[in-house]
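Enquirer: Here are the chains, one letter per residue:
Number of protein chains: 4
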Amino acid sequence: FAMEGLDDKLILNVGGMRHETYISTVRAFPGTRLYKLTEPPPPGSPAAQGPPVREFFFDRNPELFSYVLGYYRTRQLHCPNDVCRDVLEEELAYWGLAEAPLAPCCWLKLSGRETRTQDFLSWEACENAHLDERLLLNPMEGQGLRNAWKPWLWVLLDQPQSSLGAKCLSLISTLFAVCALVIFFQETEVQLDYFSANFTPMGHGAGVGGNQQQQQQQQNNGLVYRRAPHLLYLELLCALWFGTELFARAISCPDKVRFLCSPLNLADIFCLFPVLVELVVGDKAERQPRLSLTLGAIRSLYVLKLVRLLGFLEKSLALRVLVHTLHSSWKEVCAFLLIWVAEILFFGSLFLYGELLGISTPGQSELHFGDIFTCLWWTVITLTTVGYGDIYPLSAMGQLTAAVTATVGMCTGVLLVPVLLVRFQRYYAVALARQKLRPSGIL
Amino acid sequence: FAMEGLDDKLILNVGGMRHETYISTVRAFPGTRLYKLTEPPPPGSPAAQGPPVREFFFDRNPELFSYVLGYYRTRQLHCPNDVCRDVLEEELAYWGLAEAPLAPCCWLKLSGRETRTQDFLSWEACENAHLDERLLLNPMEGQGLRNAWKPWLWVLLDQPQSSLGAKCLSLISTLFAVCALVIFFQETEVQLDYFSANFTPMGHGAGVGGNQQQQQQQQNNGLVYRRAPHLLYLELLCALWFGTELFARAISCPDKVRFLCSPLNLADIFCLFPVLVELVVGDKAERQPRLSLTLGAIRSLYVLKLVRLLGFLEKSLALRVLVHTLHSSWKEVCAFLLIWVAEILFFGSLFLYGELLGISTPGQSELHFGDIFTCLWWTVITLTTVGYGDIYPLSAMGQLTAAVTATVGMCTGVLLVPVLLVRFQRYYAVALARQKLRPSGIL
Amino acid sequence: FAMEGLDDKLILNVGGMRHETYISTVRAFPGTRLYKLTEPPPPGSPAAQGPPVREFFFDRNPELFSYVLGYYRTRQLHCPNDVCRDVLEEELAYWGLAEAPLAPCCWLKLSGRETRTQDFLSWEACENAHLDERLLLNPMEGQGLRNAWKPWLWVLLDQPQSSLGAKCLSLISTLFAVCALVIFFQETEVQLDYFSANFTPMGHGAGVGGNQQQQQQQQNNGLVYRRAPHLLYLELLCALWFGTELFARAISCPDKVRFLCSPLNLADIFCLFPVLVELVVGDKAERQPRLSLTLGAIRSLYVLKLVRLLGFLEKSLALRVLVHTLHSSWKEVCAFLLIWVAEILFFGSLFLYGELLGISTPGQSELHFGDIFTCLWWTVITLTTVGYGDIYPLSAMGQLTAAVTATVGMCTGVLLVPVLLVRFQRYYAVALARQKLRPSGIL
Amino acid sequence: FAMEGLDDKLILNVGGMRHETYISTVRAFPGTRLYKLTEPPPPGSPAAQGPPVREFFFDRNPELFSYVLGYYRTRQLHCPNDVCRDVLEEELAYWGLAEAPLAPCCWLKLSGRETRTQDFLSWEACENAHLDERLLLNPMEGQGLRNAWKPWLWVLLDQPQSSLGAKCLSLISTLFAVCALVIFFQETEVQLDYFSANFTPMGHGAGVGGNQQQQQQQQNNGLVYRRAPHLLYLELLCALWFGTELFARAISCPDKVRFLCSPLNLADIFCLFPVLVELVVGDKAERQPRLSLTLGAIRSLYVLKLVRLLGFLEKSLALRVLVHTLHSSWKEVCAFLLIWVAEILFFGSLFLYGELLGISTPGQSELHFGDIFTCLWWTVITLTTVGYGDIYPLSAMGQLTAAVTATVGMCTGVLLVPVLLVRFQRYYAVALARQKLRPSGIL
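Residue numbers (the UniProt record's numbering), protein chains in the order written: chain W, 1 to 443; chain R, 1 to 443; chain B, 1 to 443; chain C, 1 to 443.
Source of the hints: derived by calculation from the structure; they are not laboratory data.
The beta-carbon is built from N, C-alpha and C at its ideal position, and this holds for glycine as well.
Hints may contain errors.
Using 25 Å as the maximum straight-line C-alpha spacing, the simulated BS3-like pairs for lysine-lysine come out as follows [to be verified]:
| no. | chain 1 | residue 1 | chain 2 | residue 2 |
| --- | --- | --- | --- | --- |
| 1 | B | K167 | W | K331 |
| 2 | W | K150 | W | K9 |
| 3 | B | K150 | B | K167 |
| 4 | C | K256 | B | K9 |
| 5 | R | K331 | W | K167 |
| 6 | B | K167 | W | K9 |
Short derived list, chain B residues pointing at chain W, Cβ under 7 Å [to be verified]:
| no. | residue |
| --- | --- |
| 7 | G16 |
| 8 | L291 |
| 9 | L293 |
| 10 | V303 |
| 11 | A318 |
| 12 | W377 |
| 13 | G387 |
| 14 | G389 |
Next comes chain W alone, as it looks inside the complex (with noise of 0.2 Å):
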């Protein structure tokens, strides 16, 4: 009953795959199960009355085991690629080696595994807000006729691709947005007609002709600018059109406020104020070229109801995990946000001292900018590789500064290149396993 031999062979049959090692090699780390099967049996057990048992059964994954004996062997945890983190975790917990480091050339697998199922699950999350959405359609469920028709009318508004009504539906918005977007255009030629007979003479005549009958003049294309009715009444047809749609839209839709925060949603509702603002104005507004004008910027949200025409091409995996990607990687965004901020201001500062510096030397003169919000443009301006040509360098140290200044506004385009490459190559691997799994039943 004296321990045994340590040269003897013991067997470990793993799920039907029979494993040999020394007795020796078990024994390297103390407390571990296996570690355990070594030890004599206590001496008034039945089992210490036979011989020392030399083949052990363990109903466990055979293919890990190998892995394991690994460990004891070498004294190194390695793991195989295709294993998955809570397998390999359950494993190593049974046989008493949770806490056994793994080899650093392994860390990666499980690693990989790891991040590509946490990223599933964020894009499943993404995508099952929209689900849930159209699951509230199946009439199945619907406790009454008074639930039915609000998913119905909001798969109607909402998903053009759902059915023939819904396309025609769209198709009309898309009519009305474009019938609304000539309006708005027509009425920038006369906001333009009207301002460049009004305030272009004020600026340059005043100081030439004769001051009192420009006033006049003025006074009377004052009154002569009004919107052509018709067009007023037709922009009025638009709005009640976009109005009617967004207030169907706004009741029948399951999540009120994911419905207010959407960007899209709020640029429709400001759209409707320009005209209402001008219904009850009336003729004031022509009278108020700033009000009109401010009325004329908010229209310009118009152009935003186009894009609802992307709902045509719902299915395009690759822009929906676009969209995702910018939306979960909003801190590298601000982060560049605010390193563009910075890098506007600091090359703003050293241009304008630049050109300072270099022009108070004598002999070149006349200065580019006034102030040092225009030094602000021009950095913007080269920062982008616009380059109008309104500002520029004259002195040997402005265009140093300049030059520095294109070379890092070309460099910071191409580090967001890898930024949003890495994200979004992970999350469209995950959606479209998605998209081809979920069919077929497997997931």
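Based on the hints, put chains R, B and C in the right spot on chain W.
Expert: Just chains R, B and C now, kept in the frame of chain W:
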């Protein structure tokens, strides 16, 4: 013959590999093939007579059975990295586990291969369209002389790499194209001279100098403007060659519809017109400068003939994959175009109102634009970061709008990269595989 | 006792898995451990007495032995995908095959893991530098009150995310930075006014108007130019705060050398000077516009304080990896800078001579540049595709040079992408692994 | 001796692993090695006497045999992830399945490795060209003193990193290059002064001032224009050094052809000429400004000597891989250049006719260009998004053309990224593997 003890071992010999497990493990999922093994045989059957069977043989894949058994042991279904979906599903169906849910960490294993197979078939279809044409070449399958010359002619004209004759023909075509281009460039000179002689005076001189003399000179010039006849005849010669070649390609083409839909072929057809029209209209063309200019604009399609030179590089896999990527991601390209147009319209309107609001404060006075289309033009030039500088914002609000526009434009280009890249990588891997394996007959 | 027949089978029980092979197979590589098994035992030994042994047991990895045996069978040494290099080398050494050449198709299997491990250690070292500082926080290891406050202070100042106090402190610092920036912007206005009052007249008016009056006015202005004292004192207050903060950070910093080498800290030190110099120099500064301008240029370092705001986003892994990527690829960055400078010099010279050669033909006459440095400036602006338009080629040869320059510039930016991306992907994978696995204690 | 029952089991002991299957399974593919096992032995043979054999031993790879047997069971041939193509084909051939079609899902497994091996050999060849030169250094293989100095000299001159002497020599060369550049820049000043003194008056002043005085002044200047002799002699000194170095490199170079084809060496040869020509021509050069300008243009090759500084960074793997990528994708680079040229020609012509058509409507009148080459120049500047603003469209049609041109230009740059990136990634992985494994002798 009662139910045997649940702790008893069961030996499952699957394809020669002996898996051992407890009967209790196998009884985890009732109704499956393994569960049925543990049910007592019906009393009357011969199997009910002898001792209960403990070892079963199945002529199935032994490796995958490890994962099946793992499902019974841990209630999580995993799969190996290198499994093919068909194989996995067939095995699961055999063991009665077709409904079993795959663990999340293994979803991507299946989808990756799935996607790759689909990409492969997409690329295969794209390449086979070409291949079919090549197969037509085989004289063995021609049913007679009448059909034999068609594929021969097609290959001769369409694949410059295929034979020495095809190379020569392609070279001659290229020479003719270069010749047509040179003629076309010569012609622009004549038209520019004519234009600056006739139109610039009309604009400037009309108000200043005497009108009569001018008008007479113009008519004289109008009569003088005449393409040198030898250029016209030379171009006619080129057009004859191009027409003959196009006709030969059209009648020998195995797929007329695809032939007509190819933009290069359409360009070939269109660029035959200018010479013909000029021949028909004769001297009258010179009196109608607009017609003459339109014909010139169509002539610029001659340049596309140079693109056929790419045929000499036909084997460049990367380019063919790039074209296929663009083709197959038409949805994303459309979406980007739509976003592009929306950006132009939106920032154009914002810029217009930003400038108007900023400048209406007296001080500065002259706008750089007179209508909204000039604003849209400015937006394109800013979004693409070209920035000519013919139009630039003068007020602080306009500069702010322009800064945002330029930043958005810089980022829009960057966002295109990941979408294209991910698809390109997939198709390229697949195209490379096809190129390697096709000749060695593995596929 | 003679040599047994070469066709006899040999049973190699490796870790429980029985491999069988012919003796002739094993005799392929003399001198290896397996070969020695087949050698007849020395006559005198006890083993030489009995029948020749046919079965041997080895307590080694059974999976890798398959590949070892495959080497004997096919004379090609392959390895599995998921093997770690250490393990493979140890096994090969045990079997006496340390010199065996790996088949080419398996080279990448080893190097991939190798590289990843190396990346991991590089990233680990980079992160541990931060980690060590955090560990200093542990009060358990502090040997007394004297040392305990240092890490506490350091973490308070350096890691805005660590506690509420740190957040407040960071917020106050940011407010002071914004304040300093506002003062700095105010000052630029004063300096621009002074400059346009004094220098522009000197340049233009000198030749035209009376010089004496001018000069006197200038001196008057010179005396008038004075920073509003309250701005100076406000800035002094900011500088005091910055100085205190910098001092506290300096004495509590665990690694003074690294502290001094950080560009942000150097900027912090430098931007303390302007106020001090102005206080010391006093009224004299206003009489020395160059000194005043230089001080202003140094003040633009205040902007860098805003970059500390990134500390609020500290957990963004992608950004830290991006910085590490740029750090560790300094060689590539240097090389690109060198190539950039060479491009500027080369195309600048070409442009100069292109223009000179092209313009020396009579007709056009005024060059846009007067020395080669203006050409170099033009080259930078063209390579970065900024294109202000202050200088552009006038002759055909200059335009050709410019076209090549612009195309090269566009491609240089594109070439940067793959170099950065490949490194970023590697480090990001590794950083992600570390982030996932560190908390769960696997590493 | 009759055919045994098809339901009987067959035991296939492949390399020690016992696979069991039914005889009926194995009879799926007649003519293969396994099928033959089930054929009854010829009556006369000794094997026909005893009971039919049920167990066979094969000394082959047991893992791959699983897939072979899987083919018999499911009629689909799959393969493991980590198999090498050679190994798979050898096994299939042994089992008589050389023609068996691989399942589509496994095609990419083979091709990936295939491609990587090919990339490896391509990179190996590229690197060995360098390696061979280095091996020449080995004194052991030198057959005598006569041959020993050549490689020593080559390494000394070509690899700045190899020894201290090489570093010094490279430093001296760099200093000489900088010196030559400074001289070159000095000279451009002289030439610019000469040009503005002589040619600008000729253009402008000719019509205004007296011509005689001008001409005399010009001749005086012509005589005055003279490079400062000390600059000429200094440059001669530099040229002597460069010539000596080039000569030494040329005679010690192990591969003369490759030496002559390297663009850097060609540049070295060409930039020796200017000084020599000037010495020969002597004073006459000053009277021929075109010759002098051409010599100056050639002198700009001095800049390329700075690129040799990259030698100090020689170990940067990423750069060498980048160069190799560009080399090996010359087809794609050519294609992109061709597309680039076609785009320039096409959009240039469109722009010309767009402007002509748009402007021929009276109102605006002055074109920005006078011939088609100016249009092509505009197209390059727009496609690269440089946009100087010297030429821009004035009519709506021209603006439309320009907008399309700018958008196409922006996308062309983006399309380059994936093509380059995919190749770069492949070569980089392979180069990294080589760098890691070469020193440890695994390769």
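Enquirer: Please list, smallest to largest, the hint numbers that this structure does not respect.
Expert: 2, 4, 6 and 8
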